[in-house]
Structures are given as structure tokens and as C-alpha cells.
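Each of the two chains sits in its own frame; use the hints to bring them together as a complex.
Line by line, the protein sequences give chains W and Z.
Following this note's numbering, the numbering of the first sequence begins with 1 at its first residue and continues without gaps.
Following this note's numbering, the numbering of the second sequence begins with 289 at its first residue and continues without gaps.
A hint or two may mislead.
Stated by the list, open to error - Not close to chain W: a few residues of chain Z, all C-beta gaps over 12 Å, as computed:
hint	residue
1	T293
2	L296
3	A298
4	G322
5	G374
6	L414
7	I433
8	A444
9	R448
What the hints assert, rightly or not - Stretches of chain Z that chain W covers, calculated by requiring three or more beta carbons in the stretch to come under 8 Å of a beta carbon on chain W:
hint	region
10	304-314
11	386-396
To be verified - Quick list of the computed label-pair ranges, beta carbon to beta carbon:
hint	chain 1	residue 1	chain 2	residue 2	range
12	Z	R447	W	T124	40 to 46 Å
13	Z	F412	W	R10	24 to 30 Å
14	Z	L425	W	D119	43 to 49 Å
15	W	T212	Z	L425	20 to 26 Å
16	W	R56	Z	L414	32 to 38 Å
17	Z	V320	W	E84	26 to 32 Å
18	W	R249	Z	L454	54 to 60 Å
19	Z	L425	W	T251	18 to 24 Å
20	W	T5	Z	A305	24 to 30 Å
21	W	R8	Z	A305	21 to 27 Å
22	W	D119	Z	P441	50 to 56 Å
23	W	S273	Z	L425	43 to 49 Å
24	W	A83	Z	T301	54 to 60 Å
For the record, the hints were derived by calculation from the structure and aren't laboratory data.
We treat Cβ as the ideally placed atom computed from N, Cα and C, and that holds for glycine.
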Amino acid sequence: MYDKTARRRRAVLGLLVACSLILLTAYFGETGSGTLHGVQRGTSEVLSPIQEGASRALKPVRDLFGWFGDTIAAKGQVQELRAERDRLRSEVLTNEIRSADYDRLASMLELDGALGLEDKGLKTGRVIFQSPTVWYATIRVDKGSDDGVRVGHPVINEKALIGRVTAVFGGSAQVTLITDTTTKVPARAGPRGEFGIVEPSSAGNPNDLVMTFTEPGARVSVGDRVVTRGTEPEDRQESLYPVGLPIGRVTRIENEGTDTQEIHLRPFADMRSLDFVQILTRPRGGGG
Amino acid sequence: MTTPTAQLIARLTALGALGVVVQTAAISQLPVAGANADLSPLLVMAVGLLCGSLAGGSFGFGVGLFADVVSLQTLGVSSLVLLGVGYGAGRLREARDPEGTFVPIAAGAAATLAFGVGFALLQFLLGVDAPVSWPLLRQLLATLIINTLLALPVYALVRRCLQPALPEDPRRRRRRAPSSSPDLHLA
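Bound conformation, chain Z alone (with noise of 0.2 Å):
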């Protein structure tokens, strides 16, 4: 588990409070196949698998909040949900580690569902007086599907704007280590 070092702390702060300004200016202005991206659940995962459960959680409620401030929603169900998300991403690090480039794309579309069906079940909860109709079932499923695509965007830039601040990542220096060995330099 990462511990947030204050430099962290406040390279999560700028990417969440811009993350949820460009999302409610522009992306969701820009209808691709009638829905819209949503970049909330996939920051949340990135800072998840690169942070851990602590960074992860506190960061997907901070960004549910705040989303939810801007948006003149309901207190507190972005929230709800986001630290779901950040939490479990974090944790998938921390229990399994996994590696490969597919990971933050299995990653972003499971986030991407959970946050959708998440949302979904808390609205019902809220007491929502209407059927779900298919429209919104195909919103929800081209929203995974455009987010499953910008997945792997994402992960990159949170990785680029947090590296800075993130401790040395042990299996980068495994993987640099053989470089040294004298055995490369005979070769």
C-alpha cells in the first residue's frame, strides 16, 4: 500500500478537480453514438492500480463529491460508488499486482460497469418513480464500450502526472537490474 505523501496528495487534488471540470464542460457535451464518455470511474480505477485501496478509495470519493457538487446532484451517490471503485482497483493491486497492458483496460470497462450499475441500484434505492428502459441500458453499454477505448489514455496520463510523486516502482528496478550485470556486457 502506497502511503500519500504530500506532494500526491495534492498532484490527486489538481487531476480530480480537473478531471470532473473537463468532464462536465466538455465530455459530456460530446455525444459519441449517443452517449457520452465518463472519465470519473476511469481516473478513480488509474489512481486505484497505481496508488492502492487507501489512495484509490479517498480519491474516488473526493471525485464522486466533487462531482456531484458541480453537478447539482445528490450529495454523496458518486461518492458512494467511486470509493467502491477506487477501493477495489487498490486492492487488486495490492492482493494480485497484475501486470500486462491489458490490465487497465479490463480494469477501466469492470470500473466503468461497477460505477454504471452502482449508480444505477442507488438511484432505484432513492426511489426513482420509472421503469428502465432500453435506451438507457444501450447508454450504459456504449458508455463501456467508449470507456473501455479511453481506458488505456487515461491510465498513461494518471501515471505520467502522478510518477513524480509515486515511490519507485519494485518491479521496474527488478526489470532494470539484469542491465548491470556483467554478463550483458561480455555479450
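Chain W on its own, in the form it takes in the complex (with noise of 0.2 Å):
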């Protein structure tokens, strides 16, 4: 009795394993479109309603969480507030006089119709789920295909680029960030703005990218802003993310100078807290 228990259990462990191993063979071994890709799309289309209203109905306690954590924080940057306040005081002198050298500037170099965003589309989502494991950086907003989003869309928040669009369904899209290791974003950085591709420095850690590629002798410093190219690096061609999207601020500089040059920022977006996203539903503006 007891040897027949322990084989059927032993089967059925087998048949399992058996299972996991060719759905994750099959599953690599096929292009998006597949079968299991398919499958995958179809159930989450299906339980996207779902979500959406469960992550509608927490709401309030997220805000809760979210209150006792920022409150924490808080406590713990008072000093460090105080000094940047003091700092910040004196920059302000300096501020006004170069702001009148900067509208001046402005107005000639027509920097202000060159960023505008007005034309590309603008879709503001809400997020409605978040990768539970961090080896996914992805997040889900209750806007898809009925409002224009298609894959590879951009997607900033209030301060940043946060990623593009990986996947679309009816009424919302799933997002990769910019901290997937999938993720590879053209930039350019400093006064100069030395061309370099932006990409997690590793995995599960959402405050530090990391800019490769640069020529040696790029002239970037710590505290310069890293903001999108707007064109790919093989051809030229025009990119997915607008130009001048901003990305982060360069942090340090490792092998300074050398062709290994890695220059890390850290992103103006902060990955963990999303709730409202714009994706741009015409990117490369007019019909986009």
C-alpha cells in the first residue's frame, strides 16, 4: 500500500516538473505571437477588470501605507532638507540673474517648442498593478489599444521617462521600465551631450542606471542631467523616445576616461511609487 502511495506521489512529482520544464521550453522557443504568449495575453485581458477594480478599492489603503512611510522618510531627511534649503537660498541670487541670460537664450534657440510634449499625444493612466517580483520591472495602467497605446510607446510620469510600452490589450497596457534589464534607452548627457546608452547597472535595483558606450573623452560630471537622444545609435533613425526626455542625474563616474567608462545616475522617477503615467501615444508627434 505504501510502496504504490509513494509511486503515485512520485509520478505525479514527475509529471509536474515534466510540465514546468517544457512550458518554459516552449514558452522560449516561441516569438510573441505564439500559443502560450497568446494564452498568457488572453487570461490577463480577462482579469484585467479585476485588477483594476481591487487596485481601485485599496486605493485608500495604499495611501495609508503610504503615509506612514513617507512620514518615516520625512523625519529622516529634515537635515538633510535644512542644508539643501540653505544651499538653494544662495542659488537663488544666482538663479535670477542667469534666468534673464536664459529666456534670452530660450527665445533664440526655440528650446521650449523643441521639448514641448503638447503633440505627442499625451494618455494619462492609472497604475494598476506592479510586477510582485523585482525581477520584473513592470507595471500595468488602465490604458490600451481602445485608447491609441500601441507597443514601444513611451511612458514618463510627472519628473521622467520611467519606460516603454511591452504589451497591449483592450483597455490596458503593460509597461517595462527603465530599470528592466531588458531595457536600453539612447541618451546623452552634460553640457556637451555625449551620446551613450542607459541601462539598470543590475538587477532589482531601482535607483541605479547606468550610461555605457560613451567615447572616453566625454566631458560628463557628476550632477549632470541624462536626458533621452531621440535617435537610435545603429542608424540614426528616429527614435521611439523623444529627444530630451529627462532620465536621471549622473552620480559617479567609474573608470573615468577609459573605453570601459561607466558613467551611473540615478533616475528623476521614483519607480516604486507610480500612480498616474502619460504614455505618448504619438511619440514621433503629428500622426505619430
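Next comes the structure, spelled out in C-alpha cells:
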């Protein structure tokens, strides 16, 4: 009797392990439009309204958690903010002088027009799902193909670029963040706009990106802003990421001046507390 | 080993589906100390401890597969790891039959650790081209602590859900027996 039970148990275990391995192999072997991907998308689409409903219902609880977290974080930041306040006071005087110069230069170079996003078909969406594992830096928003969202569209929040659309459903879309290990963004940094590729420095670290493939003599300093480049590095074609979207600020430079130079930056956007985002449904402007 | 009945299978299916939906729609959006609780290994551990290795392994496979589908992750990864977690918890019950309040807590911590490490290993085997970062380890550790704290309530909840469909526990029957003995009536 025991032998029979043990045999049955082992047979089921073996069968389920085999099923898992077959699924893994088949999933890797097929394209994004394959059967398993289709089943996955279909199920996700069916469950999207449920997830959205649950997400809305639990918004007060999330806010409560956020309030506790913000309070604790705020206490720790008091000293830091006081020092920053003093520094900013002195900077205000300098900036007032620079502001007059800036207005003149901006009107000359039409920078306002170059960075304007009004014609990019902005769609504001709410985050309804965030990947529970740090290995997949993805979120889902409640705007989908019904709203004109397509795969590849860039996504921003109120501060900076946060990622791109990687899967679209009728009423929702999956966004892969710039902190995901699969993401690479053509970017430029520093006053001379040095070119490079921004990608995560390591898995599961939302506060550190790295800019690689820069020229060894690139003039980039700690504190410089990094923005999207606007063109693809391979063929110089227009990128889906419009030029000038802010990404982050340089925090340190490793192997400076060498071929393996790595410029580390901290993203402007806090990827762990995304609530509302905007999708650029016409990233190239006009009809997009 | 508990042979799954139709009622038990129905309850396990509902529990697994509800658990994954709650996890993806709610729990994963409630960060605590920079990390999230992960109900999946706790649910699977609880089912393994209550129902045995066959039900535990099958439940782990099902929950993992559903989680992979819903989260648009690589199919088969979570199911393979959670299958091992459920089977291990079930074998613990069948081979050792541990008693005590702290068993679900220790088993929950072990299940979370096994899930985290197993998931990470599979990700690297599948070709994630990035080194392990300190924040990642910190998040795994934070999840481990949060899950350890949640293990007992989750176990109690799962037991409450499955109790009507489970065969009577011989241990509880034994414990109940003395209450009807003549000595106690005399006392």
C-alpha cells in the first residue's frame, strides 16, 4: 500500500516537473505572437478589470501605507533638507541673474518648442498593477489599444521617462520600466550632450542606472542631467523616445576616461511609487 | 498522504485563484520597507502542511502557473519553484508530522527563502544579463521577514478555508479522546 502511494506521489511530481520544463522550453522557443503568449495575453485581458477594481478599492489602504512610509522618510530627511534649503537660498540669487540670460537664449534657440510634448498624444493612465517580483520591473496601466496605445510607446510620469509599452490589451497596457534588465535607452549627458546607452546597472536596483558606450573623452560630471537622445545609435533614425526627455542625474563615474567608462545615474522618477503615468501615443508627433 | 476529494480540489482552486489575484492587484502594490509580501509561497506551504505532498505539489504548480500567466512572466518558472515548495512542505508533514505553533512560521520562512533563491537561480539560468545587486538581496531579505510574520495568519486562514474538506486529523481525535474518559468525570 505504501509503495503504491509513494509511486503515485513520485509519478505526479515527475509529471508536474516535466510540465514545467516543457512550458519553459516552449515559451522560450516561440515568438511573442505564439500560442502560449496568446493564452497569457488573453487571460491577462480577462483579469484586467478585476485587477483594476481591486486596485481602486485598495487605494485608501495603499495611501495609508504610503503616509506611514512618507512620515518616517520625512523625519530622516529633515537635516538633509535644511542643508539643501540653505544651499538653494544662495543659488536663488545666482539663478535670478541666469534666468534673464536663459529667457533670451531660450527664445533664440526655441528650446521651448523643441522640448514641447503637446503634440505627442499624451494619454494619462493609472497604475493598476506592479510586478510582485523584483526580477520583472513592469507595471500595468489602465490605458490600452482602445486609447491608441501601441507597443513601443514611451511612458513618463510627472518627473521623467519611466519606460515603454511592451504589451497592449483592449483596456490596459504593460509598461516595462527603464530599470528592467531588458531596457536600453539611447541617451545623452552633460553640457555637450555626450551620447551613450542607459540601462540598469544590476537586477533589482531601481535607484541606479548606468550609461555605457560613451566616448572615452566624454565631458560628463557628477550632477549632470541625462536625457533621451532622440535617435537610434545604430542607424541614427528617429527613436520612439523623443529627444530631451529627462532620465536622471549623474551620481558617479567609474573607469573615467577609458573605453569601459561607466556613468552611473539615479533616475529622476521613483519607480516604486508610480501612481499616474502618461503614455506618448504619438512619440514622433503629428500622426505618429 | 491526503487523497484530494472533489470538494478539496474545488476549495484549493478557489483559494489559489483568489490568492494570486489578491497578490497581483493589492499586495504587490503595498510596499513595506521597500519590499512586498509574497503570499504565493505561504499559501503553497500551508496547503502542503495541511494536505500532504501530492496536493501541495499540485497546488504549487497551479498557483505558479496562474501567477506567471497573470503577471506576463516566463511561463513555467514560478510553477517549477512552487511545485518544489509545496512538495517539500507536504513531505515534511508526511515524514515528520511536526506539531507546534512555530511550525508554520518556520515553514513559511523556509518556503519564502526556497522560493526566492529558486526563482533567482532560474532567472540566471534563463540568461538574465545583470549582476545581483545589494538592493535585490535587501528586498529578498525584507520579503523573507514580512512573510515570516505573515506565515501564521496565512496558515490559519488556509486551514479555516480547507477544514471542512479535510479528513479528520487523527492527532486531534487522539487529543479529544481523554475528555470522555471516566477519570475526568470522577474528578
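Checklist line | Hints that the structure is at odds with (numbers, increasing) | finding: 4, 5, 6, 11, 23
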